[in-house]
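Fit chains B, C and D to the given chain A structure using the hints.
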Amino acid sequence: MEDTEKTEEIQVIAPTDKVTDENWEPKIIAFLCNWCSYAGADLAGVSRIQYPPNVRVVRVPCSGRINPLFILKSLQVGWDSVLVSGCHPGDCHYISGNYYARRKFSVLDDLFEFMGIDKGRVNFSWVSAAEGAAFANIIEKVTEKTRKLGPNRLFKEL
Amino acid sequence: MEKIGAVLVIGGGIAGIQSALDLAESGYKVYVTEKTTGIGGVMAQLDKTFPTNDCSMCILSPKLVEAGRHPNIELLINANILKLDGEAGNFKLNILRKALFINSEKCTGCGICGQECPVESIDIYNEHMVINSAAFVKYPQSVPLVFSINKDMCIGCGICQAVCKAHAVEYFQQDEEININVGAIILAPGFDEFDPAPLQVYGYGKYPNVVSSIEFERILSASGPYSGMVLRPSDGDIPEKVAFLQCIGSRDVHHAKPYCSSVCCMYTAKEAVIAKEHQHQVNPTIFSMDIRAYGKDFDKYIIRAQDEYGIRYIRSRISSIEENPRNNNLILNYESEDGSLISEEYNMVVLSVGLNPPDDAIKLSKIFGFELNEYNFCKTDHFTPSKTSKSGIFVCGAFAAPKDIPESVIQASASAAHANILLHSARNSLVTKKVYPPEINVEGQAPRIGIFVCHCGTNIGGYVDVPSVVEYAKNLENVEYAEDNLYTCSADTQIKIVETIKEHNLNRVIVASCTPRTHEPLFQETIREAGLNPYLFEMANIRDQCSWVHMHVPIAATDKSKDLVRMAVSKANKIEPLQRTILDMNHNVLVIGGGISGLSAALGFAEQGFMTYLVEKTTELGGHAKNIHASIEGNNVQEFLSNIIEKANKNENLKIFLESEIDTIEGFVGNFETKLKSSENKENDEGTLEHGIIVVATGGEQYQPTEYLYSKDPRVVTQIDFEKMLFESKFDEKVNKIVMIQCIGSRNEKNPYCSRVCCAEAIKNSIKLKDLYPEKEVIVLFRDIRTYGLKEKYYREARSKGVMFLRFEEDLPPELEKEGENLVIHVDSPNIGKVDLELDLLVLSVGIHPPYESNEKMAPMLKVPLNDDKFFLEAHVKLRPVDFATAGIFVCGLAHSPRSIDESIMQANAVVSRASTYLSKDEIEAEGIIATVDISKCSGCGLCIETCAYNAITMDEEKMVVEINSGLCKGCGACVSSCRGLAIDLLGYTDEEIYLVINEFK
Amino acid sequence: MEQIKKSLNEIVKSLISEKKVEYVFGFEEGTLPLKSVPLYIEKEEDIDRMIWNEYCNLNLVKFLLEEPHGKKIGIILKNCEIRSLIVLINENQINREDIVIIGVPCSYGIIDFNKVSKLIGGKEFTEFKKNGNDYTFKGVDFEKTIKLQDILSNSCVYCKDKNPVEYDYLVEAPIEFKTIQEEDIDEYLDVIEFEKKKPKERWEYFKKELEKCTLCMACRESCPLCYCKVCFIDSNQPQWFDKTEDLSEKLLFHMTRAIHLAGRCIMCEACTRACPEGINIHLLYKKLRKMSKDRWNADKIELGDPSVLGSYKIDDPQEFMVKED
Amino acid sequence: MTESKSESEKEFEPKILGFLCNWCSYAGADLAGVSRNQYPPNVRVIRLMCSGRVDPNFVIDALIKGADGILILGCHLGDCHYGEGNYEAQANYKMVDKLLKFVKLDNRVTLDWVSAAEGTYFAKIVTDFTNKIRSLGPSPLSKKSNPSIEIQLKMKAVKQVVYNPRIRKLVGRERNITLNENVYEEIIDKDEFDLLLNETLEAEYVRNQIYFHLEESPKSVKEISNKMGIDKKIIFEQLLVLRQRSLIDLSEIKGYSPVYKVKK
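Line by line, the protein sequences give chains A, B, C and D.
Sequential numbering from 785 applies to the first sequence in our numbering.
Sequential numbering from 100 applies to the second sequence in our numbering.
Sequential numbering from 3 applies to the third sequence in our numbering.
Sequential numbering from 2 applies to the fourth sequence in our numbering.
Any given hint could be a false lead.
Here are a few chain A residues that face chain D, going by a calculated C-beta distance under 8 Å [as the list claims (entries may be wrong)]:
1. 832
2. 834
3. 861
Source of the hints: derived by calculation from the structure; they are not laboratory data.
Using N, Cα and C, we set each Cβ at its ideal position, and we do this for glycine too.
Chain A with its partners taken away, still in its complex shape (with noise of 0.2 Å):
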């Protein structure tokens, strides 16, 4: 079923340079802790679980290492969405580094709520090494909710 399936299907991509509302494609940017999450994000691949083409992963070894204004710039430079990903509590490689970052996450968070900017362009999520399912699930769920938002315009047309 899956071998015909892959030559019958077709899709065509939006050229990236030129964005219009018709062929955006969202792109999104997820910062992921080398230890629990990108290992996650392998299993999903090794487990060839699809999940939508839209996020390109840049790879910090803890997401204790994640400072607010790499999720804040991603945004201004036109990301769609920004995903930060570390380990569950408790996992975490370097033994506290992701309980700080909750922390930093909770205040970008809440700061976005307070001044009313659309939260649903940055996501918090905790991945393990052996939830590659889980991965690609969170993926599809950011996927989808940025494509309801449409193309970031938020630091754009001010």
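Same frame as chain A, but now just chains B, C and D:
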């Protein structure tokens, strides 16, 4: 006789891996043989681990990868031992490597063979619950990631050979015999799960909804057959009522499994909790006899399971299960504690199966010539718990007795310590340090980037337009060269990469292929051979993140690949060579505490020739063990103690400081300086001790009871007092009725933990009494009898000798009353209701608690944490049980948590091995990826110090700026992102590099 | 006020005469009406120039940051300023032992000149008169009387802790001080009210307000907690900010600054008062303090406290995380 | 032949498709013609170079389009013009036959051998087969029968099975591994192979059915089981395989039953 600086480890489970890593890091060549085709053992099958609910694979896989790529470790998979010759220090082995039919040198682990294989077979890793192919890999994260053919299933169609672009399939591969020469052998063959099928009463194998606990573990796993949903096999529905039956194949004399399997109580609680977490509809009930939550923080877990997750515990042993054929539900009939008969219907039943010796235990013992014990576990001595009966052969993990992961890891290191002690003269003799060409100085050079894009057979090339990615890459900034390869990781491509770097003068290299988590070290190695610093390398993961997951949208997958390559180029333009800092390593050791743990550890170091300072605050060595006469197994503790003290006193490398305490400790791993403080009546002439390692063996204290008229009535004593009476013939023969009360000062609000040893103490003393005076009456009042592991035997012995056991509930403790001169105890037992017991002697089983004051003082001095109960808290509960997060500091014995003498010795030995990974080196090489601080920007606010889990950052009080100790930094970057002034950066993942990658939005 | 002045004089005098400190930081009358400037009191005769009133509205703690460590300095502070001092001590910027805190209980609070300016139509006043709570401002072509309550800094309106929490000397205050402003007003009322608005309104509000920002850095300069050697906005390698007129630059700056102040802001509102464009930027920081309280129960400011972003609890709330279905 | 409007009231006239190889069977038919051998007019012949050319999906497609019977004729074993093409035809037919048993259409397809010299035999085969089909009545898939949704879905599932490359490879190698030798230079027992093939076909067929049922609308194990009349345990096991292959996904949980949907 010449000693061989190599060690063979049998078994690639967590214990075997830990031994191998310890020894490989301590300068020995290590061979690991593994029966199956991948290392990881049972831990790789687990979903979560108790009591922290850590994700098993998350914490295990870095160790697997490390073992897989360690230059001193050679993995021999699918291998069996045929023959052993020689003796301790110089063994010769004959090993059979069974054919895999796929050349593991050539196999890239791409998995196309498995996909194309027409045979649907079963998946052993997933406990037969889903299908797999005849050409298979054990599990997706397996190390080594090589496929093999299950010859029994294979029909020999030849398709896999046709589709394998790496030409790795070799149908005529033969079994191969190899010979190796090692100095020591470590047995870590693990355990087999008890097979409940022959016990027909539980209907396992007959009723679909009766599963074993290991199957349930796979059900819970996100990568398991049900994707982590709790479903029942008969119809895929969520089972509301799930019954867990404990002690299946444990504590069961009828089925020749009389011992306790040690881990089932906890893993069952964990499985119940996780099931509830995964599916809120599930309501677990656990049927158990005793709840044996004896380990560190275990009881808290059980309490949480009951209070927070609403897990129901019923004290009963189920005798049989029937199926309701209408709905495949299961009917459980049982007798409740008060004797009434109850019948309940459950949607699913999980059998908590026990741990059996491995099926090849007898074979192993014959080949190697070591003895097994009565249950076919490996026989060990109480005081040398990791040595087999044969010299030079050591044992660890569940093969010595059923045990959990941290205890296995402890014993793994302990057995490695024995190998260290045996072979230290041959250390570094068989490990070869690879010589690389001198590094090319690329400073000031403009980046010249070379890109290698991998087809991975058809794994990438079949979905991503690789040539177009190459063309695209050629036009990116500073890209000098780009090409595509069928397999970029193959041996011939490595040669090609080296040549290309030279030919085109490349100074940055990017490989666009698979995941850097497994392949980055390989390519870094390659570019080092071309004279480039290994950090001048980047990877774009276009397989795991593009071709494999966007198979149906090839154009999008190609676009994404281009983006990932562009982002990698962007980062590569800024990457700089990184140097690993070299720190001096002082080879002296400071051991704090002169009890059995401290003594054992100190001797382990001294016997390897390391100068060891042993600091004891009292006037004599021996610690708590001075009060213990015998172990429950009947071993003479005093004799052992005096032997070990004599050995310590005689050893030239061991310097003992009695009546001394630590005044100050400064420095870090390899470079500590300590000042001692002696008690008033002793002169201090020691000055400053310089050492590279610290061992905390500060012990525990006995709880001083205030309850039950203790110290008010002479007829109320502690177990230690009672033991003294019995063993020193001071027992008053007029005493006829003895009552013991367990859990005094343990498992209560103040000390919520179990003190672990008191049940065995009570039973040991009861048996001793019965042996001396069979007519005396002993009643033990208990909450749970926790004679875990092989100690269960003595619980049975006590009962057979007439010792009575009566259970009480925590909220209805026995009450002692003085009626005139007589002592009467009122008990309200769930078994028999209220009874009054007259007694002549009341023995209190008092618990162990940490020395609160001294621990509170010591912890900040060492910059190491305490847990809620004020015991020292190790770096990782499961996999780093004797390490602290701060490098170079270790913990063992009661300082860690309550434990018995053999367990303390094991931990002390483990510390020796862990510390030897440092001590074996003249200098320690720190990580290249570390944080650095720009002091011109640092305002000294100290936020980074707070966020550092490794105490790598300190404040320069003079300049009021921080300093980062590159030897302690692990490179997580938590400090970097918290610095408001952007004064810290993380080499290898700098702000600028990430900024540029972010800016690659197009 | 007189009683305070008297008590203050005595304390300062004893500190100077007994050489307990090298000097005391206080205020003197500025050259413009209703303006105070900092005063270094080194000699007893300087004490006569010292003033203490509702327009002593600079945070003197900011000046302490310039002083070298190891120098004993006295400083006259209200509680809001003491809070900032505590944070700075916790963050190693100031040694507690170097500082002699003269704590002054606060009455109504201090005047926000942005409010004054608004009420007099942005005109400049050259004279003013005070009669009880009535303040009369006179300029070239106008005269206007305003009630004190209407020109008090918002921080003072919502202030709940008017009595110093940390001090070496406590100025004696009249008994009625304790009864002033004890109305039951939620200290986060403005945040709560703002939160009730629709997201779009909130966004429009910030857009409109921040449009006015010129990145003049007055908020940063006035903030007692801004002491970085190089501010992130000025960083190069990478140059996170172009500092263009683009609104997104301003948004990013203010959001990042807010994150830097999360759980640290001591609610003195100096930023808002300092803003030449009258942007109530303090609202953001106040929101994050409220959040620290709600989320982590971390809104107390005490000596030796861990910082909010440098600590954690294992069970910190995480309802905002995306979960798989 | 002229058709009259009232034909449906008369005896049912089946529509039969004949795949004939060029070298033997077609020549046999020619001989029947030359010899004026009479046989019923129901067969429409498609000439192919070899019976090995008859792809299983030709047969399935023809049935889906409403053919009442299919006749595949090739050279006698050993006589193939191309060597072993008719053995291929045999292997393919075996698979098709096994599959059609699932939908009870197996008796509408026949494979036989006719040589160029067997004109009479050709006529007999056609006559017998036409009579047999006539007695069976119209195919449940023909327009006359107004095919039910169930049978259409089942056929769709069958069609997917024959498209499955794993199964095609398996069938393709059957002769080699059961008659000559496999890659290990061993011979696999024919029964053992048949068992494997049967299991594989059935599993794939069940999975495809489940998939198409879910394509219609999301369903639970119980709902699929009711629709297909197959035990819940089997349905659940095959659902897991589909999920593992990332073809279906969880849709929601209704009470205690997970509901699945196909993945887009």
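Status of the hints after comparison with the structure:
1. 832: holds, 6 Å
2. 834: holds, 5 Å
3. 861: Not OK, violated: residue 861/A not within 8 Å of chain D, min 30 Å.
The structure shown violates just one earlier hint, number 3.
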